[in-house]
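Enquirer: Counting from 240, one number per residue, gives the positions in the sequence shown under my numbering.
A couple of the hints might just be wrong.
[Unchecked claim] SDA-like cross-link-like pairs, simulated, lysine to any residue; straight-line CA separation at most 25 Å:
| id | residue 1 | residue 2 |
| --- | --- | --- |
| 1 | LYS514 | SER423 |
| 2 | LYS539 | LYS573 |
| 3 | LYS251 | THR455 |
| 4 | LYS539 | GLY567 |
| 5 | LYS573 | GLU609 |
| 6 | LYS539 | THR512 |
| 7 | LYS514 | VAL547 |
| 8 | LYS429 | GLY567 |
| 9 | LYS514 | ARG472 |
| 10 | LYS315 | THR512 |
| 11 | LYS573 | ASN529 |
Rather than coming from a laboratory, the hints here were simulated on the basis of the structure. Predicted, not measured: the structure shown is a model, and the values here were computed from it.
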Amino acid sequence: MHYRQMGSVPGKRHTQHRDPEGNLYYEELMGEEGFSSDSSLLYHRGVPSAILDSTVWELPEFGGTPNHPLKPRHLKLHDLEFSGSAGTAGSAESSADAVTGRRLVLGNNDVRISYVVASAPSPLYRNAIGDECIHVESGEGVVETVFGTLSFRTGDYVVIPRSTTHRWIPQGGASRLIAIEANSHIAPPKRYLSRYGQLLEHAPYCERDLHGPDFTPSTGDLPAGVDVLVKHRVSSGIVGTRMTCATHPFDVIGWDGCLYPYTFNIDDFMPITGKIHQPPPVHQVFEGHNFVICNFLPRKVDYHPLAVPVPYYHSNVDSDEVMFYVAGDYEARKGSGIGVGSVSVHPGGCAHGPQPSAIEASLGAEAFDESAVMVDTFAPLELGEAAIACEDEGYAWTWAAG
240 MHYRQMGSVP GKRHTQHRDP EGNLYYEELM GEEGFSSDSS LLYHRGVPSA
290 ILDSTVWELP EFGGTPNHPL KPRHLKLHDL EFSGSAGTAG SAESSADAVT
340 GRRLVLGNND VRISYVVASA PSPLYRNAIG DECIHVESGE GVVETVFGTL
390 SFRTGDYVVI PRSTTHRWIP QGGASRLIAI EANSHIAPPK RYLSRYGQLL
440 EHAPYCERDL HGPDFTPSTG DLPAGVDVLV KHRVSSGIVG TRMTCATHPF
490 DVIGWDGCLY PYTFNIDDFM PITGKIHQPP PVHQVFEGHN FVICNFLPRK
540 VDYHPLAVPV PYYHSNVDSD EVMFYVAGDY EARKGSGIGV GSVSVHPGGC
590 AHGPQPSAIE ASLGAEAFDE SAVMVDTFAP LELGEAAIAC EDEGYAWTWA
640 AG
């Protein structure tokens, strides 16, 4: 990310910075890769490392079920039920929140993909395992963070760096969120960037499309002794801790640097098209360790006179392909049962592609009206409890049905 300076910071790094009464502010470095990559400096009114208590936060089971025997899967996310402590299961307007209400759909040792319908504010939360990229299928609200406040709306990706303390506050009803939690950092593909980190001319989006937080310096009216839910790793897997901070994490009076959360709306992605069908990498938006995130948007399609607009059949010999269908009409999947709210899982070892009848039907098409988010992983995905709860058992046989 490009450099930003917000609020009050001293003229030089690591020098004295005092409030009007002469008290020192406390400088905190948030940095990646052991002081060797992007970082930001935050200035707190209280000591950021002061904690009063640390107890266990019981997480749901992160284990999965292997995709065995091997087959493609269709998951119907809109059939899932969500509720919070005061909610009613099955209610689209339940009190589930965007952190504790997540249900695991798919996962491996590199990335976990969850889904939640959230209408309640979340607790303060910090993911110490990796970056999170949350896609807003629908809804709006704000994410409050130590760096300031991000507004989110339908179509946004909300990218939150590892260990950023934040909370989700949906507004105007429930928000449907697809949570992509990495064990690594998430960033634009390296091929889109100059050696100095600028998005290049051939990239399908640019810095103007990335929106950092709005920031108002902290005042003295924040509560003390607040709990932060921390997700972290131990040798046996992923665990949670409820950490009670002596002062509020949002007591920041200023910060600067190149590490901070941001949003990017899917409508600001400029699809790359060609005379014949373009491969999925032209739709890539982000990458993490051992996975990529792509999006497919309304676009003009191939203009060769003999072009076949829908994708050709392909085998993912190195990856599992996961597609979230979030809006529009899916030409290649007509007759398969796929629709808005669906997830298709096409694992390595299986060929997949359009329904047979969709190929002829697509000939002569000039444009497709579809929106989807794709995650390709380079290690096998297991099925989470949410996937098992909403699977369309007949999907794997639909190509044989025509």
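Enquirer: Indicate, hint by hint, whether the structure satisfies it.
Expert: Consistency of the hints with the structure:
1. LYS514 to SER423: Outside the cut-off at roughly 36 Å; violated.
2. LYS539 to LYS573: Answer holds: LYS539 to LYS573 is near 19 Å, not above 25 Å.
3. LYS251 to THR455: 21 Å, holds
4. LYS539 to GLY567: 14 Å, holds
5. LYS573 to GLU609: 12 Å, holds
6. LYS539 to THR512: 7 Å, holds
7. LYS514 to VAL547: Distance ~10 Å between LYS514 and VAL547 Cα, so the pair holds.
8. LYS429 to GLY567: Violated - the C-alpha atoms of GLY567 and LYS429 are around 30 Å apart, more than 25 Å.
9. LYS514 to ARG472: 47 Å, violated
10. LYS315 to THR512: 30 Å, violated
11. LYS573 to ASN529: 31 Å, violated
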